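Once you've looked at the hints, dock chains Z, C and B against the given chain X.
Chains as they are written, first to last, in the numbering used here: chain X, 549 to 829; chain Z, 549 to 829; chain C, 549 to 829; chain B, 549 to 829.
Calculated from the structure, these hints are not laboratory results.
Bear in mind that the values here come from a model prediction, so they are computed numbers and not experimental data.
Keep in mind that a hint or two might mislead.
Pairs count within a copy or across copies, as identical chains cannot be separated in the list.
Once the Cα atoms are required to be at most 30 Å apart in a straight line, the calculated BS3-like pairs of lysine-lysine come out as [claimed, not checked]:
#1 Lys-795 <-> Lys-685
#2 Lys-635 <-> Lys-685
#3 Lys-817 <-> Lys-569
#4 Lys-569 <-> Lys-685
#5 Lys-795 <-> Lys-555
#6 Lys-692 <-> Lys-795
#7 Lys-817 <-> Lys-685
#8 Lys-692 <-> Lys-642
#9 Lys-821 <-> Lys-685
#10 Lys-606 <-> Lys-642
#11 Lys-795 <-> Lys-821
#12 Lys-817 <-> Lys-601
#13 Lys-795 <-> Lys-642
#14 Lys-576 <-> Lys-692
#15 Lys-601 <-> Lys-642
#16 Lys-642 <-> Lys-821
Number of protein chains: 4
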Amino acid sequence: MSSVAVKEDNALKVSRANCAKNTVVDVKGCSIGGEEIVVIAGPCAIENEEVLKETAFKVRALGATILRGGAFKPRTSPYSFQGLGVKGLEILAKVGESLNMPIITEVMDTEEVSLVADYADVLQIGARNMHNFSLLKKLGQLNKPVVLKRGLAATIEEWLYAAEYILAGGNSQVILCERGIRTAETWTRNTLDLAAVALVKDVSHLPILVDPSHATGVRSLVTPMAKAAISAGADGLMVEVHPEPEKAWSDGEQSLTPNDFNHLINEIKPVVKASGRRLSL
Amino acid sequence: MSSVAVKEDNALKVSRANCAKNTVVDVKGCSIGGEEIVVIAGPCAIENEEVLKETAFKVRALGATILRGGAFKPRTSPYSFQGLGVKGLEILAKVGESLNMPIITEVMDTEEVSLVADYADVLQIGARNMHNFSLLKKLGQLNKPVVLKRGLAATIEEWLYAAEYILAGGNSQVILCERGIRTAETWTRNTLDLAAVALVKDVSHLPILVDPSHATGVRSLVTPMAKAAISAGADGLMVEVHPEPEKAWSDGEQSLTPNDFNHLINEIKPVVKASGRRLSL
Amino acid sequence: MSSVAVKEDNALKVSRANCAKNTVVDVKGCSIGGEEIVVIAGPCAIENEEVLKETAFKVRALGATILRGGAFKPRTSPYSFQGLGVKGLEILAKVGESLNMPIITEVMDTEEVSLVADYADVLQIGARNMHNFSLLKKLGQLNKPVVLKRGLAATIEEWLYAAEYILAGGNSQVILCERGIRTAETWTRNTLDLAAVALVKDVSHLPILVDPSHATGVRSLVTPMAKAAISAGADGLMVEVHPEPEKAWSDGEQSLTPNDFNHLINEIKPVVKASGRRLSL
Amino acid sequence: MSSVAVKEDNALKVSRANCAKNTVVDVKGCSIGGEEIVVIAGPCAIENEEVLKETAFKVRALGATILRGGAFKPRTSPYSFQGLGVKGLEILAKVGESLNMPIITEVMDTEEVSLVADYADVLQIGARNMHNFSLLKKLGQLNKPVVLKRGLAATIEEWLYAAEYILAGGNSQVILCERGIRTAETWTRNTLDLAAVALVKDVSHLPILVDPSHATGVRSLVTPMAKAAISAGADGLMVEVHPEPEKAWSDGEQSLTPNDFNHLINEIKPVVKASGRRLSL
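Chain X on its own, in the form it takes in the complex:
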């Protein structure tokens, strides 16, 4: 189907045809998809309570309102660090509560959905699981917000249909997240597709975030792509921050330091304003 056909197909719950008004997802008082631009920040993986606390405290002070951190990590090699699991969830929940920040973390398997949902305020489906239809169906039965990342090589149409799996199950709190697609370009980890952001806002009523960290894999590109994302119409950002990226257990080369994150916030402020929106605080 063409984008126009999807936009006009009122048999699809994701379609704009069903909702002239944008969907706004409420995350414990923090709304995504409305006038405010939300910034989600935190480390790639939860390593221990101290590092997470330090990171969370700093990003919260600088303007992030939701805390991210991975407890179950999808890794190419079975011998790479797979995340702290339940222990990670406990740490994340504790730190989030202490700072009054809602938390988001990835769920990789249908068998872990209820466990992760016990801790997290938002559940994330990673790019590698965008086509995991069993997982999508399970999250459709949940009454919690879901962030659905675009698959490594998924078309926008397939991505919207993946969201449809969740909506069809009865859960309408779906937030899309563009994180780049795989191409032959080698200087960036993926190719960030910002036209997808503008297209999704046109074709669908769902909110959409951009993850400039995974999209580029390069620290110095995170801030310019964050600004570009907001200008393209994104409803928020998801950014990796680590107090000492060179010591991070994963994704260090794309993580910002708290200082870098401070710079990012300062840089996006005028762009947010130019877009007629305001930063969620």
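Below, chains Z, C and B alone, put in the same frame as chain X:
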């Protein structure tokens, strides 16, 4: 890592460094990865017992030794036919038994692994789940052969690491299956990567099949690609056959009729011989 | 080579290592690569003097300072309109002069370089010719600005080396132009790679434009991508405008009407300001 | 257009609709596109007379009937060896004549067409120039066979339209050559698309070769891909051979030694026979 580095890395169970001799997987007396070329055939989805029986009987008579059929179907849209589920598994097992054909079917979720394993002789992980690490780990604990399809846009390295997840869990009966990768070409559904077949045979000791049906999505290309696959060194084929493709509930345009399948078998015979191998019968 | 290696390689004329200060290319008093953001606009192909005049007058009044228009058109089919050739160059030059707008047009062949250079203020190398090394060498001998579009599937590294061909020949007036790369996404004509813009500004001292028209192929995406491009650090835009896009001889579905262009200018103004720059007027 | 539409469009000279019988191109008595499989071999670049002579003598003795060698080389960097130019053409012609082998070499520019045509029996358009429409038009006016390589990221449809440019000009002696397309896979230089070979043979009447050297960039993959290409229906092969690949001035890692080439010929012989064809001798 480069292909040479993976080939020489004896810390990786998939690596050729660990096994000069090719792994041969036994499927109820039918061996995959040895001298014989195996042909797996059957419909995309199991629709009912009659159609499956007719298809199975014909492909068995013509040279297929393993029967394929989908009971749980990964579909882009939640509103497309999702497969008959358990009922489909029962039909598949019954038909396979009646013809003395081992059966292979896809498993999409960790929660269904033991159910599918109760019926199937070989469990298949589809392209959309190649990066579903929870599922890979679960199949690593199984004592049954697994066919692992290459992901939509997965590199060969990522694919071998996905196999490593299964081997690392203790299950060494892994069979790879090349089914094309996604590119900008539009006249075929995917781009069949036969160099991947030759590379895998060099870098790893695992057997590898080719699925020319999904790789091309075009009926007339299935037979030439089957021949090319064997010349490239594939250990077998996985082919969609339906008695009336135009009435198939899914993938009709790439399914062969029994007549087409007869032609395919006749065409590959001299190629199999030219490769110094023989058809499994 | 990595982007860092290219950035630090002072044997490469395009490298940042050779020029801490950004190159600013002067086009008849209109500078590209400095503080000002330049907007280049006009029809895809020059059709006749009336249409071009009308378009040029309107885009000039609204804020475009350089006029674009194709006289030699690279078309997939030999039976499609190939451009008006010399007649087109004459019209373009006449209209440009009457409005005091510098003009840019594509050159497709070494044999036409001196002809095109007689008329044009800036010569454009299209995406399909980015790897036409003979043409690059010829333009290296010219003393005129050159806009070098990124190839359909060119890496950023290859693109910078293509620019190096021109610089190595002695012509340092090179302006890069990102126009999207080819991917498996079908809802857009190409995938606009804005990380390439930020990377190029970091690795090289050359100015860089963005062509949101060809990058997306979709009218409604041109303005959001124009805004995103400026936020990503682009030095200017190249936009297709046609008084009646539905009657355009080529690329109608991605051309803006003068009204759309007015909207684009109004939308980018606050973004330009937020980037600490100003529109060239 | 779909492949079926192109196949049935008799307004296109490349279309099967215009020619039920396959086009057979005669190259000084060596026919391409008929029953015989032709093998074209030689070094990537012509380095000097001795090396070329030695290579040519050996490949001729082993079964190659046409000699390849580059005099004008398309190189990513302007500082890489650009080929010997006219001197290279002279050497190639001399060696070809001494062994009674027709010669093929690349032409990169309209201005060099008549020069190259003075020496070469077949002119080659490289992947980077497939979209160089001026060059295509010029070769359409020639009365010599042309090998047209597929562009780096060209669709099959665009490739056939590029051939149409040559045919439309009056030159019907066009031979296509599949050499892989660019994808995100990193273990091979390109992804060889053998379905394109079968599709082209179906949709068009033009002969088609495969270049397994450039398609893979890996010496050990050249022979298996050569076999697969013939099984897919290719009319011939184009292979890089160098007496000492580790000393080659370009593409050494994908060049075969004469010994490797001997092995390739021995390996393809049974496949050629299995395809009901015979090697050109």
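Hint by hint, here is what the structure shows:
1. Lys-795 <-> Lys-685: between (37 Å within a copy, 28 Å between copies)
2. Lys-635 <-> Lys-685: For Lys-635 and Lys-685, the Cα distance is within 30 Å both inside one copy (26 Å) and across copies (20 Å).
3. Lys-817 <-> Lys-569: Both, since 25 Å and 27 Å are each at most 30 Å.
4. Lys-569 <-> Lys-685: Answer is within: at 25 Å inside a copy they meet the 30 Å cutoff, but 43 Å across does not.
5. Lys-795 <-> Lys-555: between (45 Å within a copy, 25 Å between copies)
6. Lys-692 <-> Lys-795: Intra 33 Å, inter 40 Å, cutoff 30 Å: neither.
7. Lys-817 <-> Lys-685: neither (38 Å within a copy, 44 Å between copies)
8. Lys-692 <-> Lys-642: Intra 19 Å, inter 42 Å, cutoff 30 Å: intra-copy only.
9. Lys-821 <-> Lys-685: For Lys-821 and Lys-685, neither the intra-copy (38 Å) nor the inter-copy (45 Å) Cα distance is at most 30 Å.
10. Lys-606 <-> Lys-642: within (16 Å within a copy, 60 Å between copies)
11. Lys-795 <-> Lys-821: Classified as neither: same-chain Cα gap 35 Å, cross-chain 38 Å, threshold 30 Å.
12. Lys-817 <-> Lys-601: within (25 Å within a copy, 40 Å between copies)
13. Lys-795 <-> Lys-642: For Lys-795 and Lys-642, only the intra-copy Cα distance (23 Å) is at most 30 Å; the inter-copy one is 56 Å.
14. Lys-576 <-> Lys-692: within (11 Å within a copy, 46 Å between copies)
15. Lys-601 <-> Lys-642: Within one copy only: 9 Å inside, 57 Å across.
16. Lys-642 <-> Lys-821: Cα proximity of Lys-642 and Lys-821: none, with 34 Å in one copy and 42 Å across.
Going down the numbered hints, you'll see the structure goes against 6, 7, 9, 11, 16, while the others check out.
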